[in-house]
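Colleague: Place chain B on chain A using the hints.
For the protein sequence lines, the chains are A and B, in the order given.
Under my numbering, the first residue of the first sequence carries the number 1, and numbering increases by one thereafter.
Under my numbering, the first residue of the second sequence carries the number 1001, and numbering increases by one thereafter.
Since the hints were made in silico from the structure, they are not lab data.
Don't take every hint at face value.
To be verified - From the derived model, a few chain A residues whose C-beta atoms are all more than 12 angstroms from chain B: (1) Gly-144; (2) Leu-193; (3) Tyr-278.
As the list claims (entries may be wrong) - Heads up, simulated BS3-like pairs for lysine-lysine below, C-alpha to C-alpha not over 30 angstroms straight-line: (4) Lys-1170(B) <-> Lys-1196(B); (5) Lys-1170(B) <-> Lys-1145(B); (6) Lys-1196(B) <-> Lys-1145(B); (7) Lys-1141(B) <-> Lys-1196(B); (8) Lys-1145(B) <-> Lys-210(A); (9) Lys-1120(B) <-> Lys-210(A).
No residue lacks a Cβ here, since even glycine has one placed at the ideal position from N, Cα and C.
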Amino acid sequence: MPPRPLPSRFSSLPGWLAVPGLLWMSVFFLVPLGLVFAISFASRGTYGGIVWEFTPSNYLDLLHPLYGKILGQSMWYATVTTALCFVLGFPLAYVIARSPVRWQPLLLLLVMLPFWTNFLVRTYAWMILLRHDGLINRFLMALGVVDAPLELLYTPAAVVIGLVYGYLPFMVLPLYVAVERLDPLLVEAAWDLYASRWAVLTHVILPLTKPGIVGGCILVFIPSIGSFITPDLLGGARSMMIGNLIQHEYLVVRDWPLGSAVSFVLMAVVMTAVVLYYRSASRTDGPLEGR
Amino acid sequence: MTTPSTPPLSIPDGSRSAKLPVIEIRGIVRRHGPVTAVDQVSFEVRRGEFFSILGPSGAGKTSVLRMLAGFEDPDQGDVLIDGRSMLGVPPNRRPLNLVFQSYALFPHLTVFENVAFGLKMRRVAPPLIAEQVREALTMVKLLGKESRLPAQLSGGEQQRVALARALVNKPAVVLLDEPLAALDQQLRQEMQVELKSIQEQAGLTCVCVTHHQEEAMMMSDRIAVMHQGRMWQIGAPREVYERPCNLFVSRFLGVSNELPGRLEGLVGEHRRFQPSDDEQPPLLVHPVSDEEAGRSATLSLRPEQLRMTHERPARPDPLLRGRIEKTLFSGSNTKYLIRVGHDRLWEVRHRSGTHLPPFALGEPVFLSWSASDGRLFFE
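Extracted from the complex, chain A is given alone in its bound form (with noise of 0.2 angstroms):
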């Protein structure tokens, strides 16, 4: 049971002050979302510039059987790393939540460690590792485990790595601020009335930290998805990802209109997995928690 958060004098803060966050939000996102939607019913001018006439072409050109793939392979890619991450995300939080309560703090710091450098550099210190006669193959081939160097770079698996890397502590957070809340007594009841360590785990944690499931789950899924450095930096030609595309299209092809849809693509292709996903994780709330 969640203990209600006591009214304070806080929640008694007078409503204009949300007004200053709201006009940022509206001016800075929705303003420039709103531009982006009407240019994607544009079309391209000769020289790349915008040629403002109504037209549905941008997104009849995206029935392409090539666009399709390349946004299955993102939500392949993004689906299989927000898995990863929860299998490694989960114990690792499990285990820092469960901590002496000392250490929590600088476990949690490790966590949001590589965060303290540009993503973008780390993720060529992954080309350094993964490349052809980089460490990881050196070490392999030193070890005698392989004779020839493995094709690391460049791969589906060097993006995936990539991801999960750059994506793990957004799971590991939210995971662990659900772990932490969960009262041990109950893991301890389970047990005690027969249930197995399986059984405790899938009938008493994961549905009582669901909430941070859901949203470790979805803090990694958005950003995957339309990720485009890891992919193009780790992944080569082959992999090309929807991020890669719009990117494609708005810098080196100059069709902004033609990128535009494209977002817009993505951005309603990520509401539907969120909003499915979410009604599906809630369904077997309880009445109070009926969101």
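Modeller: Quick look at chain B alone, frame taken from chain A:
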């Protein structure tokens, strides 16, 4: 919905001999770092018995309970249930269920699902689960609340769910960890009666950990008093209260009015006891043995053994003079604190409605008792 007369939940295997103890604890020791939380504790619990482990917080009683439940194993000694050693057996394979102090109800499950949890884990057929859950909920008077969530229940109702969740499994023993501590006083007293009658009705074997001596005495068939990791005395409530084995047990089970002194020679069939405070006259006590003359001892008396009078009583009973220092009226009783000698306060209680003349603050009084009532504790 009609409420059927419930058949009592029976102990599953009737063939087991009723004489054998359900639980046998043999010399268990449990250390937490440098602290010995449980030190050479041994006891037995018989079938159908309500057995309480009573002690102040930090006495090690919760450790004993956790070793019974299987969350911890003893560093030394053995835990036997139905004659089988439980060392290394995890909680989910032990035939006991624990009622947690905080109830530990699953907040995401309904009352029904909470109570059904243990049966479901043991893969009992669903129709059977429904039947047994209903039986258990009838017993704790919660029929009709099956679909509530724990957060929608009152504290007393949550307590009942926790109880039903344990007893629906028909365990060999129900372990109770301060079962009523989270309830307010009035509810607590109601639940004491109810818990006891459920236990008797269902023939449950219970091991209860508590620091509440009155509760332990009211509900238990036997009490074990624990302090500093050791079990000092095990016995029926009356026995432990009336014949405590040492001063700690005496003080923990009730008010102990004490007077230190020295034992001297025999006077008829009694022995002379000289209080350390020389202003007090010598008293007569019941002799314990021949070798006690010359030894220091503390005399202890329960409040109900004392008679308090304005006038010096005619009978030649042991007698002390005192002065009323405080009167505390609590409805059915008035508690008097009486200064005896320089540094001792004794307690006497008078029931309201008796026509004893009232005593005023500062009034000198006589306290007398029967020489055979005082208990002596040697250092």
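Colleague: None of the hints should be skipped; say for each whether it holds.
Modeller: Results of checking the hints against the structure:
1. Gly-144: 42 angstroms, holds
2. Leu-193: 4 angstroms, violated
3. Tyr-278: About 17 angstroms separates Tyr-278(A) from the closest Cβ of chain B, which puts it past 12 angstroms; holds.
4. Lys-1170(B) <-> Lys-1196(B): Holds, because 16 angstroms separates the two Cα atoms, which is no more than 30 angstroms.
5. Lys-1170(B) <-> Lys-1145(B): The hint holds at about 21 angstroms.
6. Lys-1196(B) <-> Lys-1145(B): 23 angstroms, holds
7. Lys-1141(B) <-> Lys-1196(B): 14 angstroms, holds
8. Lys-1145(B) <-> Lys-210(A): Satisfied, since the Cα-Cα distance of roughly 26 angstroms is no more than 30 angstroms.
9. Lys-1120(B) <-> Lys-210(A): Roughly 22 angstroms between the alpha carbons, so the hint for Lys-1120(B) and Lys-210(A) holds.
In the structure shown, a violation is registered for the earlier hint numbered 2 alone.
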